[in-house]
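Asker: Please work from the sequences and hints to get the whole structure.
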Amino acid sequence: MNGIQPPTIEYGQLSPLLLVFGAAIVGVLIEALAPRYLRKSLQMPVTLLGLVGAFALVLTVVMQGVPTKAAAEGAIAVDGPALFIWGVILVLAVISVLLINDDNEFVASAAAVPGTPEEEDAIAAGGAHTEIYPLALFAIGGMMLFASANDLLIMFVALEVMSLPLYLLCGLARRRRLLSQEASVKYFLLGAFSSAFFLYGMALVYGFAGTVSLAGISDALGAVGGQNTLLLIGAGMLGVGLLFKIGAAPFQAWKPDVYQGAPTPITALMASGTLVAAFGAVLRVFWVALGNLDWDWRPVMWGVAILTMVAGAVLAITQTDIKRMLAYSSIAHAGFLLTGVIATGAEAQNALSLKGILFYLVAYGITTVGAFAVVTMVRDAGGEAGHLSRWAGLGKRSPALAGVFAFFLLAFAGIPLTSGFFGKYAVFAAAVAGGAVPLVIVGVVSSAVAAFFYVRVIVLMFFSEPAPDGPTIAVPSVGTAGVVAIAAAATVVLGIYPEPVLRLAEDAASTLFIR
Amino acid sequence: MTTHYLVLSALLFAIGAVGVLVRRNAIVIFMCVELMLNACNLAFVTFARQHGNLDGQLIAFFVMVVAAAEVVVGLAIIVTIFRTRRSASVDDANLLKY
Amino acid sequence: MPWLPILIAAPVLGAVGVAALPKGSDKAAKQLALAVSLVVLALTLAMAFQFPLESGKRFAFEQTYSWIPSFGVHFGVGVDGIALVMIALSAVLVPIVILASWHDADGTGAENPPKRSVKTYFSLLLVLEAMMIGVFAATDVFLFYVFFEAMLIPMYFMIGSYGGAQRSYAAVKFLLYSLFGGLLMLVAVIALYVTAGKNTFMFPELIGAVTDPGVQKWLFLGFFIAFAIKAPLWPFHTWLPDAAAQAPAGAAVLLVGVLDKVGTYGMLRLCLELFPQAAKDFTPLVIILSVIGIVYGAIVAIGQTDMKRLIAYTSISHFGFIAMGVFAMTSNAQAGATLYMVNHGFSTGALFLIAGFLIYRRGSARIDDYGGVQKIAPVLAGAFLVSGLSGLALPGLSSFVSEFMVLIGTYQRDEVLFVTSAIIGTSGVILAAIYILWMYKRVANGPTAESVSGMKDLNVREKLVIAPLLVLIIGLGFYPKPVLDVINPAVQHTLTSVGVQDQPPVAGVGQADEKGAGN
Amino acid sequence: MEPAKIVEHAGGVIGASWLMIALPLLGAAILLLGGRRTDRWGHLLGVAMSLASFVVAVVTFFELIGLPGGERRRAVGLFEFIPGLVDMGLLIDPLSISFALLITGVGSLIHIYSIGYMSHDPGRRRFFSYLNLFVAAMLLLVLSHNYVGLYIGWEGVGLASYLLIGFWQYKPSAATAAQKAFIVNRVGDFGLAIGIFTIWTTFGSVTFQGVFESTLKPEQGVLTAIGLLLLLGACGKSAQVPLQSWLLDAMEGPTPVSALIHAATMVTAGVYLVVRSGAVFFPEGSTAALFAAIVGTVTLLAGAIIGMAKDDIKKGLAGSTMSQIGYMMLGAAFGPVGYAFAIGHLITHGFFKANLFLGAGSVMHAMNDEVNMRRYGALRKALPVTFYTFLIGYLAIIGFPLLSGYFTKDGIIETVIHHNEVLGWLAVLGAGLTGFYMSRMVFMTFFGEKRWADDAHPHESPAVMTIPLVLLSIGSIFLGGYLVLGGRFMTFLGPAVGMPEGGVPAFHPFTVPGLATLALVAVGAAIAWLRYGRVPVPVTAPRGSFLTTFARRDLYGDALNESLFMRPGQWLTRIAVFFDNRGVDGLVNGLAAGIGGTSGRLRRVQTGFARSYALSILFGAAVVAGALLLVGNL
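Chains as they are written, first to last, in our numbering: chain A, 1 to 515; chain B, 1 to 98; chain C, 1 to 519; chain D, 1 to 634.
Hints in this document: simulated from the structure, not taken from any laboratory. Check the hints yourself; a few may be wrong.
[Stated by the list, open to error] What the simulated footprint calls covered on chain B by chain D, stretch by stretch (three residues with Cβ under 8 Å from a Cβ of chain D suffice, anywhere in the stretch; the number is not a length):
| hint | region |
| --- | --- |
| 1 | 12–21 |
| 2 | 81–93 |
[As the list claims (entries may be wrong)] Okay, derived cross-link-like pairs now, EDC-like style, lysine to aspartate or glutamate, Cα gap no bigger than 16 Å in a straight line:
| hint | chain 1 | residue 1 | chain 2 | residue 2 |
| --- | --- | --- | --- | --- |
| 3 | C | Lys280 | C | Glu415 |
| 4 | C | Lys375 | D | Asp121 |
| 5 | D | Lys381 | D | Glu449 |
| 6 | B | Lys97 | A | Asp103 |
| 7 | A | Lys40 | A | Asp103 |
| 8 | C | Lys481 | D | Asp87 |
| 9 | D | Lys171 | D | Asp369 |
| 10 | C | Lys481 | D | Glu80 |
| 11 | C | Lys57 | C | Asp212 |
| 12 | C | Lys27 | C | Asp106 |
| 13 | D | Lys180 | D | Glu562 |
| 14 | C | Lys441 | C | Asp368 |
[As the list claims (entries may be wrong)] So the derived list for chain A, only partly shown, Cβ under 7 Å to chain B, looks like this:
| hint | residue |
| --- | --- |
| 15 | Glu160 |
| 16 | Leu168 |
| 17 | Leu179 |
| 18 | Tyr200 |
No residue lacks a Cβ here, since even glycine has one placed at the ideal position from N, Cα and C.
Answerer: As structure tokens, then:
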């Protein structure tokens, strides 16, 4: 009678995940079996097919109706928000992969020591690490899982599945390899460190609740209320792990270094995909599991949010490297998003906030990828011309590119008629409705400060004379050009007629997270 | 009774954390992280015992696997940077700053 | 016929067309831009002639399309008298500016730095026009905000890319100031939506939606600060002299002539009607700020050595008058303030353009670099004098009418605050005489300076630029009735929704100002 | 007896009286817009327009006196100016028509004279356009049936005067004088404007009808306030103390301008304002009236004293103008009789002062624009016509019996003494001073020995200049008698300004004040003869007593203004500019710099050492956990 009955796995709902991971494994097999000269031409289609197919599957799942109970024995919640986030991640992933598909960015042979004959040979041989594709796929799959994990264990595993490949990818930059490797090692050590915190927090929470399923924790909370030390410390440590991933202050230190050092396409992937996934996880943990604890964590979150917004905005002002500056800007944006996370309340209020956050993630993610795509195109002898001073007068040398970049910057600054404006509006509106007016005021003030450094770049590009030995604008590969085009188009469309996406976000948010 | 184990795990975690802060060698730092993970494992197992359900022990296994994967990636990264810089000290790697 | 959407769309299309022209076709770009702006002007006039004077409806030519339902945002446009005259102002100024800036972007002017693409400049001008029309036409608060903010960008690029030596500093300062105000306003906009709880941003439905006085106060401040920076009122004014002095003359005209009016327009339209109680509570503060602005701006103007900065400071003084008129809340004062917005656009516009012509010839904005221009270029000097006299509100020129209405309208409130403010404000006419005539004397009178001895008088294009402005200045000076007839009903609407009426004059109430006791 | 009621009027010449204003305005417009094309015939057009306007005035006048006395105040509506606030319209009544006749009549003569005077000036066409502009504005001032229209004309003449004083703007002195005149006038206009505001708030109307025939009974305080504010305006325009300082500098303008604007017409606008508003705001014995009287007395003495010391013939005449207008202002303070004599004197003064100025102009014309009387002398042979006409003007102004000035000035003095002994005798004293400085002028200019510059060879001016002189001097002889004898003018003016209780006072020549005046004038003239006629006049002015310097320096009026207003003003400006750059702007820039600095310092925290990042994480973790515990256990 008490034989072990097999678990029920809703393959249908999980198909997008499975497809991405499947594609990743296929990629690994290709690396193992296919001859070197074939690999790239095989990897690329596989990857794209995997991602696009997964996106299609997401759509089909949505068509069949958003599930109302967690899949895989309650381990994975394929609910409205999850599906939406999956869709977003997949879109961003496709775009980023188009960027990644640019040999110029990645090292010929990671094993070869920089500046040694073997590196020359590797370059001469035109070698390339096609492993980046499966690695990226694993990371993407990890992101999707991270955002949809319905118990802490899965979330932890997903966190690692997402992070480990990124650690590696960070180290694969073709030029400035020292920086790249440094970024990689820093990211790895700090990431591991923070995930240890996450894990310990998980342990403590488990100790309190006796389960790691989010629903279970929430129930346990309902029973006890938030007086328990174990629980509070555990919640704090969980928070540390997650806040580290979204780069909230005071856990933001890694972001500028890693963003600057990593190959720009990977930075794009991290800045967009990881952020989206991480916010998915944050929302699940704090709304679903710790929802009943909100009276305790909201004040702390206030502090974190304010600190993050201000630190991001203020520190960015004096940055001299474009990628670093974008990193700080992404910190500030994480802060803006946190104001949405805080604005919880009644069902309707939560739906409103969720909708705002989801839209913001779409808008910000796409613009970010676009911005980094532009960065890859501005090059000089030593590779990308990262230093801002090299960007002086770009507006004269290639008005179109500079114009697009300026447009992205304005979107970051949240100027009306760009996607960024509606993103900010949605989140802030939710926050105000949730009664977080002071937070919003801090938000607008810091975005005014932030505007300063976006504007500074525009001034450099358009209002100052070009340097005689200014950077050259690389003729973009089809992929890169496509990315910029798509991002720009999306930024415009979302800036002028955001309604459809808003509606999607609304539907996704309406169901909220299932337990 | 089980609290001793918890205290121990807490101590281990703290030792690991401090180790990360005070040691320079990347390998050692990494091992300190591993130590922290194991501290977590201990805690999980203890709690499993407390609650009398198996989840904790099961999680511990997962963690070990993850840790193993982490080792692979970590060593790969550290070795590369060691080969480049001929040093495994994390303090040498600070080109990226400010 | 959907007049307003067309009016907004036409310049945008024109801008796209101008931008799409092939490289090197600068002349074509200019001509196309001019043509488009003239078409817009024609359309505006056509609309204005169909404007119903005696309709009980609040807005004419209303068009409302749902834009972002999930935010309750509509693309709602419509005009009342106030909006109509402001739109007309923009539509009149833009072609003039285009004609005036014919060579501004070529960079032949001595002061102008090497220039960027000419067609960009003119397409930016057209984009700006679209947004100016839009912001005045918007009947949806959110839409208003969108235009209010988006307007900054083209102006930012016009100052930054085509301006004077410190252009980038000025441009950034301009943008950040306005952006800061705008963001505060954004909070207020959101809060308005939330507290009103009507799930719409349509202005008519929001009137009276916020009742709690405390909330009103905060929201009022949110809007008001944004507008006070835009207008600009003392002490939020310091961005204007830099921006106006660095911007090319044409851009300066639009900046001071139209963009800044959005601030005072917003006060009149949004601050007063959405938050009547708060508006009444803050009236003393605003009036005092305005009066300070009037005198302060004038005094600082006297001390300026740079022509454009001087004109900018005079505008700060004039914006003081406008704000005073808006918040005096009598029909005379508000009608006067609205008329002032128009007249100031013309007279200051003319001043900036002529200053531009002078600078273009002499290559310096410093007043001391001139002298005796009247002997060399009598027409130029004459035009300069007339627009200057309009700037000092000489009777018979348009700005006298508005200044007189504002002052008498404020004075007739017959409370200590208003009477004293009106009196101090009136002393502005003396200061105005000083700064205008002194500038004119240093530039045009006295022995002819070496540096200007070769100066050419106005050419045909420049005459075409100035003539319409002078005609308007003088015409409206003697017969302002047509414009006032358009404005007055709208002002009445405003006053009713604020809930005030003019009190009829009573014998001896003038007593109040001697006894020093308001009643 | 109260003034007559104002009645609406339409049709007839009165209905078309707006042509008086429109024609010269048209002339100005044509000449200004026409530019050089009109140079050849510009001056003729100017004269034609002025004459045409004079004709209209005359016809209007006859149509007006064709009406019965009680109906001689006709309001002619023109158009709605500011809806609900101001309607434009004209008031044709004995007062305004008298001014219209004076302005267009004397104005036309001066136009004609200018043809000759400006014949060599390249800018003659512009000069005539300005003159036309002035005539139009001045007519608007006196004809408008409401205070706003009056104000518009008021500032309009100010503009014309600015343009004409600065006509030779390439001379810095001229440019400065023009600017000064405008700004000082603006100070007066400030008062006038506030006065109008108060009138509006008090009576709810700005038309003369609405105010004078208002049923409202405002408190006396308000009326006094309004009166004083209007008086401030009057002081500015009529160069009365304390706003007199601009008039003497105004002599920088071409002499015909000085004659028309700064002697005959514009400067009398203040008197017009006071008389026009008299019934309501300056009734006999009111505070406002008293102030007007004092201002008048002070000015008439000040002007006379200044006139006594000036060697510049035009400045001498300017001082005399101040003084004479002082008389009018003084007279205007004493009810209907005073009004009649004030306006009467205003008209006769218009003639003989224009006569004197044009004469002076003719002299300067002959002496290549030399204005220093110490360089004249013995000109009566060289310029006979000028001499005799000037002589007539001189006799008229000092009040030589039976000439114009005698009747009107004596009338004022009599009236004043009858009400206020002190002021009256001061006025008598003023008459004596007049006798002195005018005689001095005549002796220095036409008698004694030649003190000419070497290149001077005077010649009589052309007929186009002398004929106006002759016509004016005829007016200077007979006009006074014609107006005053039998109270003709008083009766005519009655409907407009009211009649004295108990009818027109008869004119009896031999009263104590009258004789005293004559005696003092004679003494003044005699002293002048002793000092300037009998003995040769030094070419360079002797230092003279401090009293002389005091007078030469315009009683230190400018010095006062400079130390009281200009200097502090300049300081205030400098301070304000500094404050604006450093204070207001500095605050903002400082804030920005502050943020920048913070950022610069904070980014140093990002040391690049992975371990310090780890520390920050650990620290953050501790804080977060601690905070949670804190909140959780609250």
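Asker: Now, for every hint given, state plainly whether the structure supports it.
Answerer: Evaluation of the provided hints:
1. 12–21: n = 3 at 8 Å, threshold three: holds.
2. 81–93: Since 3 is at least three, the answer is holds.
3. Lys280(C) - Glu415(C): Holds: lysine 280(C) and glutamate 415(C) sit about 14 Å apart, inside 16 Å.
4. Lys375(C) - Asp121(D): holds (14 Å)
5. Lys381(D) - Glu449(D): With Cα atoms ~11 Å apart, lysine 381(D) and glutamate 449(D) stay inside 16 Å; holds.
6. Lys97(B) - Asp103(A): violated (27 Å)
7. Lys40(A) - Asp103(A): This hinted pair holds, its Cα atoms lying about 10 Å apart.
8. Lys481(C) - Asp87(D): Distance of about 11 Å is within 16 Å: holds.
9. Lys171(D) - Asp369(D): holds (15 Å)
10. Lys481(C) - Glu80(D): holds (7 Å)
11. Lys57(C) - Asp212(C): Cα-Cα ~28 Å, so violated.
12. Lys27(C) - Asp106(C): holds (11 Å)
13. Lys180(D) - Glu562(D): Holds, because 12 Å separates the two Cα atoms, which is no more than 16 Å.
14. Lys441(C) - Asp368(C): holds (11 Å)
15. Glu160: Constraint on glutamate 160(A) satisfied, holds at 5 Å.
16. Leu168: holds (6 Å)
17. Leu179: Result: holds, 6 Å to nearest chain B Cβ.
18. Tyr200: Interface hint status for tyrosine 200(A): holds (5 Å vs cutoff 7 Å).
When the structure is compared with the earlier hints, violations turn up for hints 6 and 11 and for no others.
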